[in-house]
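Q: Dock chain X against the given chain F, drawing on the hints supplied.
Going line by line, the protein sequences match chains F and X.
1 is the number of the first residue of the first sequence in the working numbering; add one for each residue after it.
1 is the number of the first residue of the second sequence in the working numbering; add one for each residue after it.
Note that these hints are calculated values from the structure, not bench results.
Predicted, not measured: the structure shown is a model, and the values here were computed from it.
Beta carbons are placed, not taken as given, at the ideal position from N, Cα and C, and that holds for glycine.
Incorrect hints may appear among the rest.
As the list claims (entries may be wrong) - Short, incomplete list of chain F residues facing chain X, as computed with Cβ under 7 Å:
#1 K33
#2 F36
#3 E157
#4 T158
#5 V160
#6 A356
#7 Y384
#8 S387
#9 D416
#10 N418
#11 R419
#12 D435
#13 R437
#14 E438
There are 2 protein chains.
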Amino acid sequence: MKHILFFSALSVFGLGSLAAQEQDSLMLDKIYKESFTNGEAYSNLRYLTKEIGHRIAGSERSDRAVQWSKTLMEKLPFDKVYLQDVQVPYWDRGPAEKAFIKGSQEPLNVLLLGGSVATPTEGLEAEVLEIELLSELRQHGDAVEGKIVFVNKAWDETIVETGVAYGLNSGQRSRGPAEAAKLGAVAYLFRSLGSSRFDDYPHTGGTRYVEGIDSIPAFAISAVGATKLSDILKEDSKTKVNLSGHGAWKGLVNTHNVIAEWHGSEKPNEIITIGGHIDSWDVGEGAHDNGTGTMGTLDAIRTLMALGYKPKHTIRLVFYMNEENGVHGALKYGEEAKEREEKLIAAIESDAGGFAPRGFDIKASASQVALIQEKWQPLFEEKYWVSRFLQGSPGVDSGVWGRHFPNTVMFNFRPDPNRYFDLHHSAKDVFEAVDHRELQSGVAAIASLLYLIDQQIDTLH
Amino acid sequence: MKHILFFSALSVFGLGSLAAQEQDSLMLDKIYKESFTNGEAYSNLRYLTKEIGHRIAGSERSDRAVQWSKTLMEKLPFDKVYLQDVQVPYWDRGPAEKAFIKGSQEPLNVLLLGGSVATPTEGLEAEVLEIELLSELRQHGDAVEGKIVFVNKAWDETIVETGVAYGLNSGQRSRGPAEAAKLGAVAYLFRSLGSSRFDDYPHTGGTRYVEGIDSIPAFAISAVGATKLSDILKEDSKTKVNLSGHGAWKGLVNTHNVIAEWHGSEKPNEIITIGGHIDSWDVGEGAHDNGTGTMGTLDAIRTLMALGYKPKHTIRLVFYMNEENGVHGALKYGEEAKEREEKLIAAIESDAGGFAPRGFDIKASASQVALIQEKWQPLFEEKYWVSRFLQGSPGVDSGVWGRHFPNTVMFNFRPDPNRYFDLHHSAKDVFEAVDHRELQSGVAAIASLLYLIDQQIDTLH
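Chain F with its partners taken away, still in its complex shape (with noise of 0.2 Å):
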């Protein structure tokens, strides 16, 4: 009798669990010859990039982006898609940066901070003091008057995850501009924020002002051209040099957030948020930041439709406007559900590049954590190469929106780290650079979670 038990226990828990595992495995099978076989992620991000470009929050381009997508969506048996209306000030580049050290014919790469103010039309010229940390600034005391500031700290180019680099110097590009007029500087000089020393090309980035203190020029220079530039503050210190650039603020632009919903069939009322932002930086084409995170998760939803899915919950796919300078988007989406009292149980967001698929960060209890590791993990690892299924933070857009609701899982789409901040905000990014493998591969990483999410979210409380 024992034994009989014993089998039929097994039966019921350990092959039952079994026989699901095994349907799950066929499932990703499926998604992933869905999605290298079928997938649009490529095409539709060519569409984005060549035919619209860059798409700054309050562009025209971005308007174009948003009508451009919701017919994506349109084309999609979503059971609803419409436009969340979101304001957002609209910040405008103008006419291309110049500068130059005085004396000297070559120019150096620049490009304004997001956000900047202009100089004088005509350019201003100045002394440089050149600086690795601003918290060195206020030792210069009054020579800091009438100077370029120049924040001259190069990438930490051992850390393997790049973010982590990144997260160490951004704080010198918003904080800079007011730290340095505060001591009655003229303009603010920013090495850029790109992994490589090799690299002439600027990255731009949001920057801030601060009420009662004035608002300085502020810019970004190449790694090439910052080394290039303190070589000769070495040889002489009274070196000048000349900025121009003519970004201003245009006011408030009325834009939207582009969402889609698949309602659920057994929970509707439960929903799975999943998407990236659609607007970018006015260079290069936001082709990893952000065109592969639209069209990506865009395609992930797809692909389960392809395979006849129904989901239990509701998903909605959302393309929030303006991550890169403002985040109003994901407020807005987040102030809506608050009010609306949704229940956002779980969300998935892709803004890290299209890039080599390697997991997803997860904000979740530790001990959610442990269960997805132990249950599905081990679904994509050996297979798909993902395998990274780590602790740590939502995407921006999510943190954001995340704030009214702390309970909700959340996975950020975790791609290969090390070409991303190559062209992060630069030049560079554009469609050229994504491969046609690495993103739809992703796309089926993303898919996968989704279905997971949608089958199994509930054994994870």
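A: Chain X in isolation, oriented as in the chain F frame:
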């Protein structure tokens, strides 16, 4: 008393082993820092690819690569650098191939398969018999006679591990010409083993003839060309294709493996072999195949030297000659090592490209692999994103000499597999396709593994 004994045991085994792990972890930190900061693989690769270029075994360029590699090794504090004589049959492609559909101006992009005989000087023109699999050939019987046999089997894009997809079709490349000739075909046209259907580059690779069967000219055609030809044949099965190619075997040539030894301080007679092949196919620049493997393994050793490391075992770097079309270098290495009854305790091979490192395939017993997963893998996975340590096959060269050394523990470096077969054996395999961070991250992974083998190989037995 019991408690005291318990803690004492813990301090000997538990904490002692923790301290060792801590020490390993610090060593890996230093290795990664050195590789990213001072690594020379990328700059050496630039020289190999741009100043020397592709280098098929026996060619004048392969000789330059040998001599230059020896010079590189002599600059480092190896105890011994030498050339090992290897005789190889030298195949020369001759003037560029041409192919076109009769009556059409548009060329088809083709390359002779390595080892192919030439067409008549003026080319050959014949009707085309299209099949997917060689196994279909016999059913066409007499219809093969006088035709160009065109094997148009598409790459299986759905397999994440692209090497497996390559293996599915590569037998048709090597066996095809002989099988087609047996039935009277006049030429062999083979859809390239490239991972993308959008690829208009032909990919070469070895083929072979069989004694007693006519040698017919054998070509690779690009995926795009294969699709185009197939479409045209559907319209008109009598379409003729014109092919010309001028390859020829030029007899035996004396060349070399390049070898450097760093003697062990404790067990100098026990040898860890590390390296990859220095020859390449005769198109592109042999960057990922296998400039990254040779320059990467050399730089892994340089990294340990730069850190003042003293190996316990002898580390022997081998740049094998002729992996691509004969493996005579590895054969010679194995024969001589066997004659000298050397103790080749472990091997690392790098011959799968210089993409982001993912792990190592391990030829060892299941219990040895389990120990490596338990002890070594945790040092790599979270911090360095290297997490794949699975039982598997050695590289081609290690596999060849390993026939004499069945107990050698062998590691086969596995970089990300997504992009490799898009450029493999084609004109796309150039320096620009290699990313600096990805390459140096791989160097660090290999150097770290080499350190762990040297320190702990004895604990695996």
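Q: Can you give the numbers of the hints that this structure goes against, from lowest to highest?
A: none
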